[in-house]
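A.B. asks: Taking the hints into account, I'd like the entire structure generated from these sequences.
There are 2 protein chains.
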Amino acid sequence: MNKIILDGKLVAKNITETLKERVSILKTKGITPCLATILVGDDPSSETYVKMKGNACERIGIKSLRIHLPKETETADLLKTIEELNQDETVHGILLQHPVPSHIDERKAFESIDIRKDVDGVTSTGYGQTAFGFGKYPSCTPAAIMEIIKFYHLPIDGKHAVVVGRSPILGKPVSALLLNENATVTTCHSHTANLPEIVKQADILVAAVGKPNFIQGDWIKKGAVVLDAGYNKGNIGDVDYEACYENASAITPVPGGVGPVTISMLLKHTVDAAELV
Amino acid sequence: MNKIILDGKLVAKNITETLKERVSILKTKGITPCLATILVGDDPSSETYVKMKGNACERIGIKSLRIHLPKETETADLLKTIEELNQDETVHGILLQHPVPSHIDERKAFESIDIRKDVDGVTSTGYGQTAFGFGKYPSCTPAAIMEIIKFYHLPIDGKHAVVVGRSPILGKPVSALLLNENATVTTCHSHTANLPEIVKQADILVAAVGKPNFIQGDWIKKGAVVLDAGYNKGNIGDVDYEACYENASAITPVPGGVGPVTISMLLKHTVDAAELV
Chain A
10 MNKIILDGKL VAKNITETLK ERVSILKTKG ITPCLATILV GDDPSSETYV
60 KMKGNACERI GIKSLRIHLP KETETADLLK TIEELNQDET VHGILLQHPV
110 PSHIDERKAF ESIDIRKDVD GVTSTGYGQT AFGFGKYPSC TPAAIMEIIK
160 FYHLPIDGKH AVVVGRSPIL GKPVSALLLN ENATVTTCHS HTANLPEIVK
210 QADILVAAVG KPNFIQGDWI KKGAVVLDAG YNKGNIGDVD YEACYENASA
260 ITPVPGGVGP VTISMLLKHT VDAAELV
Chain B
10 MNKIILDGKL VAKNITETLK ERVSILKTKG ITPCLATILV GDDPSSETYV
60 KMKGNACERI GIKSLRIHLP KETETADLLK TIEELNQDET VHGILLQHPV
110 PSHIDERKAF ESIDIRKDVD GVTSTGYGQT AFGFGKYPSC TPAAIMEIIK
160 FYHLPIDGKH AVVVGRSPIL GKPVSALLLN ENATVTTCHS HTANLPEIVK
210 QADILVAAVG KPNFIQGDWI KKGAVVLDAG YNKGNIGDVD YEACYENASA
260 ITPVPGGVGP VTISMLLKHT VDAAELV
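Line order of the protein sequences matches chains A and B. Residue numbers for the first sequence follow the working numbering, so the first one is 10 and each next one is one higher. Residue numbers for the second sequence follow the working numbering, so the first one is 10 and each next one is one higher.
It is possible that part of the hints are untrue.
Since copy identity is lost for identical chains, a pair holds within one copy or between any two.
What the hints assert, rightly or not - Simulated crosslink set (DSSO-like; lysine-lysine; CA at most 30 Å straight-line):
| id | residue 1 | residue 2 |
| --- | --- | --- |
| 1 | Lys22 | Lys117 |
| 2 | Lys12 | Lys209 |
| 3 | Lys22 | Lys242 |
| 4 | Lys12 | Lys145 |
| 5 | Lys231 | Lys220 |
Just so you know, the hints here were simulated from the structure itself, not pulled from any lab data. From a predicted model like this one, the values you see are computed outputs, not experimental measurements.
C.D. replies: Printed below as a string of structure tokens:
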């Protein structure tokens, strides 16, 4: 069997190359695309993620406005910061880094992001628009998964896609996007009975469960496409790669799979938003 | 096997009884719940549906404001009508009867309904909120299906639900509601390969496909709960009832199943909206 290692770095590179050109054109019109990132508290992984995103912006000419709020920040203060960014015409995208400290109403904060600046795809309105087929900025990891599938011309129409996970930024939107592309979609989660049996039916498997090496090799149907959206400590995916590699026809590694494309989708959405101003 | 015929009329009666009390209390406070229905054109079935809904309102003391626009109505005119209803403080719910004439941008019209008055659950924002678990007014047929399941105390958690259909007002929201109740959910549609095989896995089957007698008896797993949301010409459901009755542990008839509960959910949402004023 001709096996494909789905190279996220290659997909990301292709996306960011075209973005550089689009940023240049915007700048000739006096517009510098700008992504505001909000980090609340001092979780080291969150700090790293926000830094990575900011640096990725700057590498292609997007302005990165980095806001760091103390961990004692109250919901009301965070809402005020978001509202200021909503009003700020020089800001095109707003990313609130998840998770915020537990005393903050994260959902309320997400929902307060102006839909026109919700480039990270966290609002319920953005999700609804995505599910109904006219969303501008689907959540970035689901968007990345779709980009990888399309880059490699892997068929979706009529295929059985199994998504393991149902979070608002991953399992739910990727299920919606696959359904919009005419996959039959099964969404699984912690209450699913006989998970291995269901995964075994997948022509396309998306692992979005947040447990290292959770998906086992003998759960994979011969010829399946395996997309691992997991990012667990020590750069370990949700898929037991070595074991799942065997039956898969195409598979994303971790790192170097979905991750790099996710960041490039964030950049793409920010440029899209700047072009719409 | 103890077989249950899921009696939609009984479920609906239980809901409307409590609504009558709530309407009375609202009236003592000077508030008369009001549902505005908009019918565009002269499709006879649509006229019948709108009339049924209006009459059902009036039977329990909800004011029915019936707006009938000519079939030549342009999108802009329809949007103006909706905006007036959005602004009208005496109107608590707005229902635009589907389908509108084909020259009208129906999606744009739906989206223009104020989320606080979207008691029929047609906006993408309403759908997104429902999928994220905090929607006030899910689309009425999906809400009805959930009411029937809960009225009969049929288990959902950990069950495999198969939804046949993916429309924005039926297949998608009922999939979301079942997922929120911890079912494993498979959404099928016209591009699904091996539909009988997938339906055969269903502990809970929702037929929302719009084809008379489409679901066959030998597709039904022994003991499955079968919910028929179909309403085809001649009062025929999407499920071949006689044949599917055999293996089902519980099944909705057509008529007298999901239909009556759908209308009672519309009334409930309108009363909910009036109470929130």
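A.B. asks: All hints are to be evaluated individually against the structure, with a verdict given for each.
C.D. replies: For each hint, the structure was consulted:
Taking the shortest Cα distances, Lys22 and Lys117 never come within 30 Å of each other, neither inside one copy (35 Å) nor across copies (36 Å). Taking the shortest alpha-carbon separations for Lys12 and Lys209, only the intra-copy value of 18 Å comes in at or below 30 Å, while the best inter-copy value is 32 Å. In the homo-oligomer, the alpha carbons of Lys22 and Lys242 lie at most 30 Å apart inside one protomer (25 Å), although the nearest pairing across protomers, at 54 Å, exceeds that limit. Taking CA atoms no more than 30 Å apart as the test, Lys12 paired with Lys145 passes in neither setting, with 33 Å inside one copy and 47 Å between copies.
For a Cα distance limit of 30 Å, the shortest separation of Lys231 from Lys220 inside one copy, 23 Å, qualifies, whereas the shortest one across copies, 34 Å, does not.
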